[in-house]
Amino acid sequence: MMQEYFFELLTEEIPAWMLPHAGLRDQLLALCAEELGVEDESSVSIGATSRRMYFALHSLPEKQTDRTEEVKGPPKRAAYDAEGKPTAALNGFLKKNNAAVADLLESSDDYIRVKRVIAGKSTANILEVRIPQIIEGLRWPKMMHWGDETFTFIRPVHSVISLLNGEVLTLHLLGTQSGRVTVGHRTLSSGPITVSSFADYKEKLRQSKVVISESERESMMRERCGQLAAEVNGTPNEDSSIWSQWRYLTEYPGVVRATFRDEYLSLPEEVLITVMRVHQKQLPIMAGKHLTSSFLAVMDNEGDPDGNAAIGNAFVTNARFADARFFYETDRRRKLAERDQELSHLQFQEKLGDYLVKSLRIEKLARLIGQSAGIDPAAAAVAGRLSKADLVTEMVKEFTDLQGQVGGIYLREEGQPPEVWKAVYDHYLPVSLDGALPRTIEGAIVSLADKADTLAGFFLVGIRPSGSKDPFGLRRAAQGAVQILLNDQLWTLRADVTSLVSSALSQYDRTGGPEVESALLDFVAERVRTVLETERFGLAYDEIAAAMASGWTASLPDLAQRAQAVREIRREKDFLSLLDSAKRISNITAGSEESLLRPELFEHPSEKRLNDLTAIVADQIEELTGDRRYLEALRSFAGLAPELETFFNDVMVMVEDESVKRNRLALLRRVGGLASKIADVTKIVVDRSDYR
Amino acid sequence: MQGLSFQDLILRLQQFWSARGCMLEYPMDLEVGAGTMHPSTFLRVLGPEPWRVAYVQPSRRPADGRYGDNPFRLGKHYQFQVILKPSPLDVQDLYLDSLRALGLDLSRHDIRFEEDNWESPTLGAWGVGWQVLLDGMEITQFTYFQQAGGIDLKPVSAEITYGLERLTMFLARKSSVFDIEWGAGASYGPVRKQEEYEFSKYYFEQASVGLHWKLFEQYEEEARRCLGLDEPLVLPAYDWTLKCSHVFNTLDARGAISVTERVGVIKRVRDLALGCARTYLEARRKLGFPLLSDVRREAISLDVAGSGR
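Protein chains in written order, with my numbering: chain H, 1 to 692; chain Z, 1 to 309.
Mixed in with the good hints, there may be bad ones.
To be verified - Restraint ranges, calculated between C-beta atoms of paired labels, are given here:
(1) Z:267 <-> H:133: 34 to 44 Å
(2) H:530 <-> Z:283: 36 to 46 Å
(3) Z:267 <-> H:418: 37 to 47 Å
Just so you know, these hints were derived from the structure itself, not from any lab. These numbers come from a predicted model, not from an experiment. Don't be surprised by glycine CBs; every beta carbon is placed ideally from N, CA and C.
Extracted from the complex, chain H is given alone in its bound form (with noise of 0.2 Å):
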């Protein structure tokens, strides 16, 4: 008969981001199919509510299946004396394995095997072990210690409920002796519930007021808030991370609608956004692009009879505003641009001294990299500047992650132009993969010299990331800036990444040699290749390879160019002729010295026509590849592969005569380096399957 096991731990609330705990699914399915033999994912049911975790293992056997494993005993020439009568030893070894001299194996090697069966154990035996062990081994972020306890958990253990087919299977597990008992909702009933099995715990608690699935509280809520804010003819401002939060923090899914007050629509509505979103888990309510004076909060009640939740949760984002209101007002008493000395006190790194003196790095770098792009720097060097300045507000010290953005609203007030304000609000972008950019050049230019001075600044003290240990956000900052440098749509920077990277590193006072300089390059490489490789470009690894093989510090939109190229020509039916020539002429020109070309030395006619053709086809990539026409480069340059088909069967290369040799590489080499300046498509890996 299949078994049905049902656990459940009620503690004191879990902080939401921390549940639902995944390692206890994985050990839990490590645990049905290791130790049960039960392999199906959906043997695994598991959720959790704010304050309490629980899971079901169904289609459990009864028991471990027996297994039969070989014993090996004494070597054959000491089982049997000289009368081929068993020895002690061997009478001894099957004795040990309850076995008789009938029960040998044959076996191939020269020692006595027996078969043995080893029991399996059973489900009830396993659960009552491993259960614990999974449970009191869970590693939270933070662990606890409560009463006289010596043990530690994320939050006090109230009780535990462990029933194996309905049945209380007994477990001792952190300070609790398991049942069959638990309780509902905190406010909304009351009273023991005893359970008799997965089914009926979850038709009890819901009878309780306690809707166990998540994805069930989810998509409640979504549903109410939909409502909610359709009533005030809105949308909810949604973002993911509001919903991987609210699942969590109740036991019932209530959402409420609340309203602030209309004088704080005046303030900046990043402020009020980032505040309802970040610091109070709120949902704004927009109407169309604008923000309106509703909002949504969770809420762990079915409904909100009195109106006291939405009372409450306008009492206290009104709080929240009015202190805003309240830095608003102190920071704008003075300028950001008066701000230097408080900014000389905020320090950036140990060894790379204050904001101030980053700030006047950053001016300095924005106007060079504008002025190498060939764009007016004057806006971009006021923005770098400034770009610091909100640092010391006090709507950033309470508020940090509106850094920049503050910056660019008080810049906008002080009545500064859009392409300074712009910049300065941002010149963090983009703080992921597929994040925004700056919406300016000039954002661009500030946002690259901030990370090129952070990156220089941290490489020049010895500050690297290492492993998944990043905590400066290096690799960030080195892919943002990859981000801005790739970017062709509404602004194009060019910037050549070998001059930014000296550049940035000859502001500071103190020189790392060129090791730095390269070490630094390296680390920009490789976020080059990562971003390449992002859905967005969706570039493999080899094609990448085969484009920075020819170079890619110059233009990264350029080598982003080539390196497609290679993904267009390399599902071209040619194109594996092109690269076994490629690889023919790269394996054989190997190790050779570099030597003139002279055509009288031809003596098949092969020869001549292979050096007519590459003399058009070197021109014709010229021009293709002036135009960045890198594709039809390419072709032109596969249009070679008959010609050299013939030319390898007509001529032999590595003849005796040195010169004629030494002529035929060079012929070789100058084909091998038509395409040089796009790719070097050896590097390209293939499935020659694909061909066929």
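Given the structure of chain H, go ahead and fit chain Z onto it with the hints provided.
Same frame as chain H, but now just chain Z:
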């Protein structure tokens, strides 16, 4: 419920916790930033002695002052502090009952316990817990102390800190703290607004920076001296430590402490707090942990002897 005044609220809480075995203490008679700094919390949570106490603590936070202009924020507010040591397993239920005792029908409200861990760098103390949200509003800080004065705590104490003004405001449906009724017909504004204004003005604009630095040095020196005596005087030392802490908060609000200095000054206060915690625990040990039951004392002294500490 609608009519509960500030003082009625305090009376009800005192009555409630007194009935649940808490001793009623009185506020620390020095400027402190929170009820946690009262010796009845910071020192009493150390060591094995059981302790159940409840008291009101006026809490001064110079940087939180808003000149009496902000209807939600005060430079001085009142906390109702409960310490239950060791933390009982039904502490959340006890707490919810205390809200019921204030007249709340919890089935008609939203009550949630949201993660909010507490850490005080100046006290070398931390704990885990929640902020309790009543209808989305933080009314209580709930903490299981894990460490105080750098010392691991066993048993663990539960600390419940009610924000009295907020709770009164909400229960009375007032949109400004200055409109709540204190008691006997007096409202909070006329009683406290002048103080809020004057202390905001003082802490933000007038406090003498030179004098406060001097005071800080002197208080610190005296605290150290008390701790360094052959027969250390830990309770006086702790008073001076609290004074240091308040002077630090004043200088901070005044904008007189740079970011670089800040870490150093916090460390100086923490060193004092750590010294006080160690010395207090030692003093209690010498006294034989007077609040322990004889049975527990015996078990603990055996334990201590056994572990060789």
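Range hint compliance [Cβ, residue 267 of chain Z to residue 418 of chain H, 37 to 47 Å]: holds, 45 Å
Residue 530 of chain H versus residue 283 of chain Z beta-carbon gap, inside 36 to 46 Å or not: About 60 Å separates the Cβ atoms of residue 530 of chain H and residue 283 of chain Z, which means 36 to 46 Å is violated.
Consistency of beta-carbon spacing, residue 133 of chain H to residue 267 of chain Z, with hint 34 to 44 Å: holds, 42 Å
The structure does not agree with numbered hint 2 stated previously, though it agrees with all others.
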